[in-house]
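Engineer: Here are the chains, one letter per residue:
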Amino acid sequence: MSNFTNLGSNIQQTRDEFGSEADERKIVKIKREIGTIEELSTKITEDMIGNSWIVGSPTNGIVGSNTSTPNGLQQVVGGSGRVITLLRVVNPNNTFKEYFRDTTFKSASTDATWNVTTHLLTFGSGSVAQSEIIATNSEVYSTVLLSMSGTTSSLTPKISFNGGNTFETISANVSYSTATSGTVLAWRLESSTVQEVTSLQIQYS
Amino acid sequence: MVLLDVGMNKIRDLVYDDLSKGQSGTSGTAPGITDTVLLSPISSTLLALSSKSKTDKMITVAHSISSTTANGQLLQEFGVTFTDGTFFNRVVHAPISKNNTIEVDYITSFFLNNE
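If you read the protein sequences in the order shown, they are chains L and R. The first sequence begins at 3 in the working numbering and counts up one residue at a time. The second sequence begins at 30 in the working numbering and counts up one residue at a time.
It cannot be assumed that every hint is accurate.
[Claimed, not checked] Once the Cα atoms are required to be at most 25 Å apart in a straight line, the calculated BS3-like pairs of lysine-lysine come out as:
#1 K83/R / K28/L
#2 K160/L / K108/L
#3 K99/L / K39/R
[Said to hold, decoys possible] So the derived label-pair ranges between C-beta atoms look like this:
#4 V35/R / L75/L: 21 to 27 Å
#5 G74/L / T112/R: 41 to 47 Å
#6 N128/R / E35/L: 17 to 23 Å
#7 V142/L / S80/R: 31 to 37 Å
Derived from the structure by calculation, the hints contain no laboratory data. C-beta: ideal position from N, C-alpha, C; glycine also.
Model the full structure from these sequences, guided by the hints.
Structural biologist: Okay, structure coming up:
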């Protein structure tokens with residue numbers, strides 16, 4: 003029994019010689035870098051073949067006079083009589099994203115500088131930027147949430163539920179519900195001073 | 030610490046070079062990240078991409094279905110594949126009735142985001 007007592011006092015002595023536990027620790031902060039691959043919009047168009055001559059087509063592949071083409075005219079080599087119609091624009095999770103790397107969704111109504119080299123949408127005083135149709139999929143939309151990055155505090159964002167015919171003024175980062183829902187979305191930004199947008203996102207339902 | 034644009038564009042090139050075909054199908058089931066193929070593919074629409082292009086950290090691909098293909102079908106899904114047949118994405122959309130008077134064209138973009 004006494005041997006155990008002596009052993010205990012020896013342990014205590016050893017602990018005293020080593021001193022107390024360290025009370026300072028080195029903390030390494032690790033910052034994660036995240037890169038993502040984002041699937042953006044998918045545009046689906048219908049190309050009416052008209053009276054184009056097409057090899058193998060039951061209506062447009064006949065050599066010689068032919069009135070079986072969709073428009074009833076004799077077929078012509080090339081793209082004669084073609085009409086392209088936008089059928090759908092779908093976005094993952096009903097979220098449209100614009101990074102200004104192409105002009106796919108740039109409307110001709112835009113007079114702000116939509117620069118696909120610098121990836122910036124730059125506004126001067128009184129300039130506007132407007133999109134083509136950014137969402138249409140045989141669905142009715144009534145609520146949007148628009149957000150932007152860049153120098154955007156003086157921009158007036160607007161949204162159209164009828165493909166750009168009329169626009170309603172909204173606030174960035176605030177969910178907006180319209181009284182007149184629609185099936186075709188487009189956006190518009192208006193500025194009274196110099197502003198710069200690096201990306202734009204619209205969630206909709 | 031940052032992920033560099035040149036590094037992202039290297040990844041873009043690896044993906045871009047391997048993207049090969051597009052395909053359409055008739056399933057309207059919502060897409061999920063565990064999908065591995067189109068749910069109701071139309072075999073005749075598995076075709077080489079009609080075009081693909083790349084810009085800074087971005088890839089755009091196009092897929093076309095001719096007037097002689099998939100007629101009578103109700104198109105509702107679309108996807109892009111790599112050269113080994115693995116699907117990269119799956120898109121579901123409202124039905125499109127395909128007939129021999131129209132061609133249907135899909136254009137999809139992908140963005141490599143390090144911002």
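Engineer: The structure should be examined with respect to each hint, and the outcome stated for every one.
Structural biologist: Status of each hint after checking the structure:
Of the pairs offered as hints, the one joining K83/R and K28/L is violated, with about 45 Å between alpha carbons and a cut-off of 25 Å exceeded. A threshold of 25 Å between alpha carbons decides the hint, and for K160/L with K108/L the separation of about 15 Å falls inside it, so the pair holds. A C-alpha spacing of about 23 Å is found between K99/L and K39/R, which places the hinted pair at or below 25 Å, so the restraint holds. For the pair V35/R and L75/L, the beta carbons lie near 53 Å from each other, so the given range of 21 to 27 Å is not met.
A hinted range of 41 to 47 Å holds for the C-beta pair G74/L and T112/R, which are about 43 Å apart. Between N128/R and E35/L the beta carbons are some 49 Å apart, a value that contradicts the proposed interval 17 to 23 Å. Between V142/L and S80/R the beta carbons are some 33 Å apart, a value that agrees with the proposed interval 31 to 37 Å.
Hints 1, 4, 6 from the earlier list are contradicted by this structure; the remaining hints agree with it.
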